[in-house]
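> Start from the sequences and build out the full structure, keeping to the hints where you can.
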Amino acid sequence: MSGSFKRLVEVGRVVLINRGIDSGKVATIVEIVDHRRAIIDGPTTDVKRQVIPFNNVVLTDIVVKGLPRGIGSKRLAVFLEKNQVVEAWQKSAWAQKLDARKRRSNMSDFDRFKLMRLKRQQRDIVDRQVAKLRKERA
Amino acid sequence: LHEYQVIGRRLPTENEPTPKLFRMRIFAPNEVVAKSRYWYFLSKLHKAKRASGEIVSVNEIFESKPLTVKNYGIWLRYDSRSGTHNMYKEYRETTRAAAVASCYQDMAARHRARFSSVQIIRVAEVKAADVRRPYIQQLIQPNLKFPLPHRNTRAAKRSDRSLIIAQRPSTFY
Numbered sequence: 540m541s542g543s544f545k546r547l548v549e550v551g552r553v554v555l556i557n558r559g560i561d562s563g564k565v566a567t568i569v570e571i572v573d574h575r576r577a578i579i580d581g582p583t584t585d586v587k588r589q590v591i592p593f594n595n596v597v598l599t600d601i602v603v604k605g606l607p608r609g610i611g612s613k614r615l616a617v618f619l620e621k622n623q624v625v626e627a628w629q630k631s632a633w634a635q636k637l638d639a640r641k642r643r644s645n646m647s648d649f650d651r652f653k654l655m656r657l658k659r660q661q662r663d664i665v666d667r668q669v670a671k672l673r674k675e676r677a
Numbered sequence: 009l010h011e012y013q014v015i016g017r018r019l020p021t022e023n024e025p026t027p028k029l030f031r032m033r034i035f036a037p038n039e040v041v042a043k044s045r046y047w048y049f050l051s052k053l054h055k056a057k058r059a060s061g062e063i064v065s066v067n068e069i070f071e072s073k074p075l076t077v078k079n080y081g082i083w084l085r086y087d088s089r090s091g092t093h094n095m096y097k098e099y100r101e102t103t104r105a106a107a108v109a110s111c112y113q114d115m116a117a118r119h120r121a122r123f124s125s126v127q128i129i130r131v132a133e134v135k136a137a138d139v140r141r142p143y144i145q146q147l148i149q150p151n152l153k154f155p156l157p158h159r160n161t162r163a164a165k166r167s168d169r170s171l172i173i174a175q176r177p178s179t180f181y
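In order, the protein sequence lines correspond to chains P and A.
Those letters in the first sequence? Residues 540 to 677, per this note's numbering, in order.
Those letters in the second sequence? Residues 9 to 181, per this note's numbering, in order.
If a hint is listed, it holds; no wrong ones were tucked in.
Among the chain P residues that face chain A by a calculated CB cut under 8 Å, a handful are: (1) V548; (2) I571; (3) G609.
For lysine to any residue, the following SDA-like pairs were computed, each having C-alpha atoms within a straight-line distance of at most 25 Å: (4) P:K564 x A:L156; (5) P:K613 x A:N151; (6) A:K135 x P:R576; (7) P:K641 x P:L657.
These are calculated hints, taken from the structure and not from any lab test.
Just so it is clear, CB atoms sit at the ideal spot from N, CA and C, and this is done for glycine as well.
As structure tokens, this is what we get:
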């Protein structure tokens with residue numbers, strides 16, 4: 540396959556679901572139906588085994604190597620545990636950015652107040668130091 | 009489309025107190041259409057019609073393994089504008105009903121054949137070694153992998169769609 544496409548649809552490819560009930564969750568491609576659909580399963584991330592079109596899904600960089608085609612949910616869970624797949628996803632910058640976005644959108648007014656206070660304290664410390672250094676340089 | 013098992017018979021008469029039961033597996037959107045198609049086919053095959061017969065039972069047939077992909081071969085007969093032809097087509101689907109639904113859509117697209125002009129003769133699961141069509145063979149090769157060269161980023165919900173966006177979308181995966 541061509542070298543510029545690094546993310547391939549293959550058995551074992553970890554996938555982020557974009558649309559539908561399970562959006563935001565991560566699952567693994569277990570079998571390919573055709574050029575538009577695959578069977579995905581996420582036993583450890585609460586995703587039921589289902590046929591999903593690729594339009595509703597985003598390929599990630601993570602691949603579970605050595606996964607046999609059409610593997611069952613229980614054995615897939617064992618594979619995922621052994622290879623620490625879900626943990627690898629959660630550590631990735633992409634997942635953390637999604638998480639930060641979600642936390643920011645779920646902030647209450649009190650949370651925003653607390654954030655404002657903390658930012659102000661940080662600004663205070665930094666600006667005092669900057670002012671001091673500027674004075675020393677001048 | 010659903011698959012139904014329809015069993016019917018001619019009405020019992022003095023000459024024939026226990027008529028033979030005839031069973032058909034019909035693909036239809038609902039039970040009403042299933043019963044209608046049953047009589048359509050049965051009157052072609054036997055001397056039985058709806059007026060002088062009765063449907064004994066209609067049961068939906070559910071797929072026993074709906075989460076495994078299978079290669080289905082479908083033998084069909086359809087009326088084109090200038091004659092009637094037989095065909096054999098293959099589909100890669102998870103259930104028989106999905107394969108037949110796919111077939112009807114395919115026939116409508118490629119041959120402009122409507123539901124009433126298509127008769128499904130036989131639907132059978134085909135083993136990978138017996139697949140005849142190259143467009144299915146390319147999907148059953150071992151260790152299949154392919155990229156998605158053109159990615160459409162669609163909004164997660166209809167309400168998130170936006171007419172104007174800040175950045176030109178990238179179609180590279």
